[in-house]
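Each protein sequence line maps, in turn, to chains A and B. Each residue of the first sequence is one higher than the last, beginning at 3 in my numbering. Each residue of the second sequence is one higher than the last, beginning at 3 in my numbering.
One thing to keep in mind: the hints can contain errors.
Identical copies go unnamed one by one, so any copy, or any two together, can satisfy a pair.
[As the list claims (entries may be wrong)] Computed list of lysine to aspartate or glutamate pairs in DMTMM-like fashion (alpha-carbon distance at most 25 Å, straight line):
1. Lys373 to Glu54
2. Lys365 to Glu272
3. Lys58 to Asp397
4. Lys308 to Asp244
5. Lys109 to Asp49
6. Lys287 to Asp329
7. Lys155 to Asp291
8. Lys66 to Asp329
9. Lys48 to Asp82
10. Lys65 to Glu175
Source of the hints: derived by calculation from the structure; they are not laboratory data.
Number of protein chains: 2
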Amino acid sequence: MKQRCQDKADRRRKESHIDNQPNNHYFDCNTKMKKENRSVGLVAPKDFSFAEPPNKFQLESGKKLGPINIRYETYGTLNDGRSNAILLLHAFSGDAHAAGYLSETDKTPGWWDAMVGPGKAFDTDRYFLICSNIIGGCRGSTGPSSINPQTGKPYALSFPLITINDMVRTQNELLNHLGISELFAVAGGSMGGMQALEWSIYYPEKVRSAIILASNARMTAQGIAFNALSRNAIMSDFRWQDGNYYGKEIPSRGLAIARMAGHITYLSDEAMHKKFGRRLQGREKYGYDFSDEFEVESYLQYQGDKFVERFDANSYIYISKAMDYFDLGARFGGLNEAFAETRAKFLVVSFSSDWLYPSYQSKEIVFALSKNRKDVSYIEINCPYGHDSFLLETDRQSTIISSFLGGIRG
Amino acid sequence: MKQRCQDKADRRRKESHIDNQPNNHYFDCNTKMKKENRSVGLVAPKDFSFAEPPNKFQLESGKKLGPINIRYETYGTLNDGRSNAILLLHAFSGDAHAAGYLSETDKTPGWWDAMVGPGKAFDTDRYFLICSNIIGGCRGSTGPSSINPQTGKPYALSFPLITINDMVRTQNELLNHLGISELFAVAGGSMGGMQALEWSIYYPEKVRSAIILASNARMTAQGIAFNALSRNAIMSDFRWQDGNYYGKEIPSRGLAIARMAGHITYLSDEAMHKKFGRRLQGREKYGYDFSDEFEVESYLQYQGDKFVERFDANSYIYISKAMDYFDLGARFGGLNEAFAETRAKFLVVSFSSDWLYPSYQSKEIVFALSKNRKDVSYIEINCPYGHDSFLLETDRQSTIISSFLGGIRG
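Okay, chain A solo, but in the shape it has when bound (with noise of 0.2 Å):
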């Protein structure tokens, strides 16, 4: 089973690293295999807008905004009960796409295509998903790149700060929206799980089942010390002029450099070693000067680069602050006092070499959750990626998830 996940994780490694080469190989077979392969195919982002002015939508921080746009997607069918929907929740640099192709000459699938699909963990034969970006993104829905309309003009940092609770209230609109009272499972890891912890919590009665995986109850100050270096390094770059950079050039470095620590953090020291090691980048001895010399350099700068491209510095820096904000704990005295009017059932999924969001940060929410006699599953999956584990080590994760939805009643 190790070897099968390394190679596994290897090659999808390799992929992200060359998803910007349209001849690669692999993705050729892929794209033949769309159909067989168990994909759902060719999908479509829809947009759903709400909190017309006058009716803004009251944010967590007191402060108001409207209209908002959710970009969003659905795969599989909702049932005639509308009981079978299940919630999927991105992470940080995530979005709305979470599986499928959005055009015949699409290469690369969705962020969570291994695990949603026919037969897959989130089996769409079975469930109705649905996706959408988050509020503040940058990927469909408002956030601080978006034309506020009553100046024209984006927001930058006229926007208001948001909040993990901000980005579950507004996906509850969503749901509303699509006639859903009732959520068969909310699923999700990293910041993903802290929103499927806020649902359990703000809406106890709507949702059945949570799954947390590689997540938190709360920000550790390590946590928010490498969240404060990427918003340091962003709005240091001279290009980002007070957040004032649309239409104009972007922070590109200061948002690189942000991303190279990301990278830092969702990877391991033995996960590093054993895809890079000390080995030089298309040289065979040391150059002596400060080329990216090393080849974890030139991954680092690669993903900083790429990152560029599909990602909004600004949204970096609100994201990362409503993460900074989290503290499931804090507005009920406790995290034993947070969980006492959930209703689900929970699976928590940590991975052992993960030390952004570490084994013993999951354990403190099982933890409270046996306190208060809830239905809890946890286990650790033995897996050398680091934070990373979540996204690439998906063949554990669905044996253990397909179980445990299994076993939510319909």
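We have chain A already, so just place chain B on it with the hints.
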């Protein structure tokens, strides 16, 4: 013991956080206690220059450099047999000022003052201690901010890249100048440990004992990644100007961000939790803005800004690169082979919570020495402060080092 270690470290941290406040009570006491408190008292830095053109010094890269100045300090007295000299080797941002005070009004002792003085671990009543600033540095020894006599301008990026081996061979020039042909011990933590290892291998006949604290035999991919992140932060600051910022605005934001990344790696998740938790800085509620509202953010910002006042950005990129190049076994075909000719007794110390130079890296050194049937003692100290433990946890280290040095034949 653990509680004492904790209290002492908390106190030291507090000091370091407020060391720009001249009226601070602690330092008033400390100044008064200078002589009672086993301090080496007032010390004076010295300079040694060599490699006057045309007799330039050949670096490991093949490039030549000269003249070279080495700033150093000494404590204690060299005995008649010239056999009691110990070379102290500083870490990344350290300098030649390891102990004592530079003036009567100086309130901050040298960086290893807790360990160096009469009756202390490095006992100035018994040993003659030498500490010099590394080549490439910015604290008195020749580095990229030094004036190139050939141009009359700072070297900037025309300074050649340096390695740990270059640091050691220039230190050897200093020892020749001082008439010391054998060292009772070499000792250092972190990058200082790398130099101590290099000493034991490059000059096996000169080193009778080596003390390696919180260090490793080669920089890991994760370590290179963090250094690359920091170099990118500096080199992306528009004020960096390809290194030609001397006499102009310095790349202060880039350097501060690099230091912030450093401080995250010097602490541990646990240490950060204990020190800051999720406490807010000077407010009781979230401000829903992008100020440094968490204590940990304020701490990092403070450390970053303070560092800029005393450290040169180009030295940062040169020294970090020297660490990245460090791979002790590489030129011998393996770590076991590297230690074959060493004659020193070794003391290797690691710290349980150090994730930048984790214990397994110290154990690699210990195993390689053991395979060579070399005399090596190893201890892992349980301490929650991460990599910084080697500077903060001085009680147990003092006992261990005193005992180790006591066992070396004089």
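The hints, checked one at a time:
no. : hint             : result
1   : Lys373 to Glu54  : neither (43 Å within a copy, 74 Å between copies)
2   : Lys365 to Glu272 : both (23 Å within a copy, 16 Å between copies)
3   : Lys58 to Asp397  : neither (43 Å within a copy, 60 Å between copies)
4   : Lys308 to Asp244 : both (23 Å within a copy, 24 Å between copies)
5   : Lys109 to Asp49  : within (23 Å within a copy, 63 Å between copies)
6   : Lys287 to Asp329 : between (48 Å within a copy, 13 Å between copies)
7   : Lys155 to Asp291 : between (44 Å within a copy, 21 Å between copies)
8   : Lys66 to Asp329  : within (22 Å within a copy, 56 Å between copies)
9   : Lys48 to Asp82   : within (22 Å within a copy, 86 Å between copies)
10  : Lys65 to Glu175  : within (18 Å within a copy, 66 Å between copies)
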